Amino acid sequence: MSERPQGRTKRVVFSVAGMDCVTCSLAIGKRLRKLDGVKDVGSAVMLNKVFVDYDDSKTDKASIKRAIQDAGYSSYVSADG
Amino acid sequence: MYVDEKTAELRADVRGVTYYFCSDACMREFLAPERELRRLELEVAAAALLSVPVLLLTYSSPLPSRASDYLLFALATPVQLVIGRRFYRGTLDSLRNRMGNMDVLIALGTSAAWGYSSVVTFAPGLLPSSAVYFDTSVVIITLILSGRFLEHVTKSRASAAVRKLVDLRPTIAHRVDQAGAEAEVPIEQVSAGDTLVVRPGENVPVDSIVLEGRSAVDESMITGESIPAEKSPGDEVMGATINLSGLLRLRADRVGQDTALSQIVRLVEEAQVGRAPIQRLADRIASYFVPVVVLAAAAAALSWYVLGRIGPAFSVLVFVSVVVISCPCALGVATPAALLVGTSKGAQSGVLIKGGEYLERAGRVDTVVFDKTGTLTVGKPSVTDVVPLGSVGAEEVLRLAASVEQGSEHPIGLAIVDEAARRGVQLSAPRGFEALAGRGVKATVDGRTVTLGNRRLIDEGDGSLEGYSDPRVAGLEQEGKTAVVVVSDGKVVGALALADTVKPSARAAVDSLKRIGVRVVMLTGDNARTAAAIAERVGIDRYLAEVLPQQKEEAVESLQREGRVVAMVGDGINDAPALAKADVGIAIGSGTDIAKETGGIVLIRDDLTGVADAISLSRKTLSKIRENLFWAFAYNVVLIPVAAGALVPFFGIGVYNVLPFLAAGAMALSSVTVLSNSLLLFRFRPEPR
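Protein sequences, first through last, are from chains A and B. Position in the first sequence counted from 1, then plus 5, gives you my numbering. Position in the second sequence counted from 1, then plus 248, gives you my numbering.
What the hints contain is simulated information worked out from the structure, not anything from laboratory work. Note that the structure is predicted; figures quoted are calculated from it, not measured. Incorrect hints may have been included.
As the list claims (entries may be wrong) - Partial chain B-side listing against chain A, Cβ under 8 Å, derived:
no.: 1; residue: Asp341
no.: 2; residue: Asn345
no.: 3; residue: Met347
no.: 4; residue: Ala427
no.: 5; residue: Gly428
no.: 6; residue: Glu517
no.: 7; residue: Glu518
no.: 8; residue: Cys577
no.: 9; residue: Pro584
Stated by the list, open to error - Restraint ranges, calculated between C-beta atoms of paired labels, are given here:
no.: 10; chain 1: B; residue 1: Arg411; chain 2: A; residue 2: Lys39; range: 42 to 48 Å
no.: 11; chain 1: B; residue 1: Ala440; chain 2: A; residue 2: Arg13; range: 29 to 35 Å
no.: 12; chain 1: A; residue 1: Ser68; chain 2: B; residue 2: Arg411; range: 47 to 53 Å
no.: 13; chain 1: A; residue 1: Ala84; chain 2: B; residue 2: Ala379; range: 39 to 45 Å
A virtual CB, placed ideally from N, CA and C, is assigned to each residue, including glycine.
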């Protein structure tokens, strides 16, 4: 992603089952952006993947996964780092 | 991922093949789409099975109408509430997320038809009409589910190209330990610095440096280059490439996430994140779409009820048709689908497009600016001519010059020694080597004093050559070459011409750009004469000479001020500012660290013809996106008024008994149309040369 904020920003990629349509990805994006510590969310509808840049002092993968769950989708980490 | 079959606990059987998995996450990632597809298959089958009796009962019921209605309710309800439960679940999510989605529309539409019919069945007095529309809800659900099934199949075909890249990752390596013993190890256990052995026919496990051996290596899977590359000690070899001819001993250099292949996969995946302006617009529309459609459907239904006075049944059918025919998904998938196919296609031929925004700009490029040194040319001089000017032959001229330059670190000296080696000339050891600052070098070779240098050396030399001039030397300089005069014992014996050599692909690259209607401009720090010579050789008619490195950026900017959409081609490190300034920067890959390159597009292989490929592919993808958006809008914008009742004046109200079916059919096909249209991009072939 183009703008990478300073600090301890980490990137995690989740595979989200059922995120087939833009409206789903928009809903997930909306949820994730409300989460404190999430800096940027990108989604690839065609790959069912969500790319989340987060500040690891404020949030973690489990909370991100929970937020995705709250939006109604099950997910798992597909890439880390 | 390497998994030992005997100890693997996680396994799955898919279509008769058993797969073993390293982790639960791996298995789920692999199985999730598979499971969803099976579920849809079941749901479609069940819904279709139930629609048969429903349609029979609706259109030619042998039973009295009351009994038939009860039976229809009994058949339609499981379809509505059990098979179609995913639409309700989606609706709940949508309400919680405050983001309308497709499921809301389908749930509303089918519930309206089913609910209305249920009221007619159980409380017949409540409504003026006695007709039920259970067939409508059942057929809509069947069609929409079939549409989703097809959508999944097409979508997985579109993403297959990315999966293919991931699957290229080798799983095992042959590692040599300090004692020299060789063992087969899973790829995860290889770390940088390990010594590996790769036999002919095997994959190179990770990005490595050749320690010993020579071999041809097939790199086509990474670079798209079909001709194998010759590798010898010191060369880089990329993981996943195939060793063809000889045994290679390697030192592992980059492993895991850092290999070129991993970087490519990551870049291709990240390129799918929707940041193209064209996509943002579609996303915005999609997010307001559902509430707007529901309002429009309600308004249309109400208008017909109030103004049309044709009874509630017609209004229900209008409402159902409008919500069902609207498809935000086709709109939403129009850009990502074409982008995925376009960028995967690019990756297969060595053109990495880092995102939709770059693809969009590359598709509009009308001017390509090449940096000369290192981009159009190799970036270092080589000997182009050896001209004897005295009593000895060309080979002797070269031999004397190269003997003096042996051990030289200067680019010109290196080029002369290389040329001698290439021609197989035997050299003598020089004695008393001396550098004449800014003018040349001098040494004793086989007892003769040999001096090499430019014309200044001759002008300011010992005077014995005063007034020396030769039209042949002047001619070489006229061609933009550097002339080195060779003097032996005070007499001119010959001259060597050196020039930065043009890359073999440069001419073809410029020609293909011209063919696709792109203006080509060259930037160089050289003087006008040299610039003109190179420009002519590669077929460029516009060039800017004597451009200082820091001025490249300004040169790009001034072209942009003329209203041109500029792509700058250069190496990702030295030309980074100019690459960033351009509308799209195209970096020529300089090794395995692909992710670090500046520029929206990276050409993995050092072949300039990739520039034209990148632009044509971007243009094709962009026009595919526009086609897709056209279809998506056509489905929605044209068909919504039709669903709202626009056909009544022409066909009467009877048409609305079948319109909900047509609406569901259209909706089911809309996303599939857009996806299939995108798949056609896989047929893109770079222009033959």
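Output the numbers, in ascending order, of every earlier hint that fails for this structure.
4, 5, 10, 11, 12 and 13
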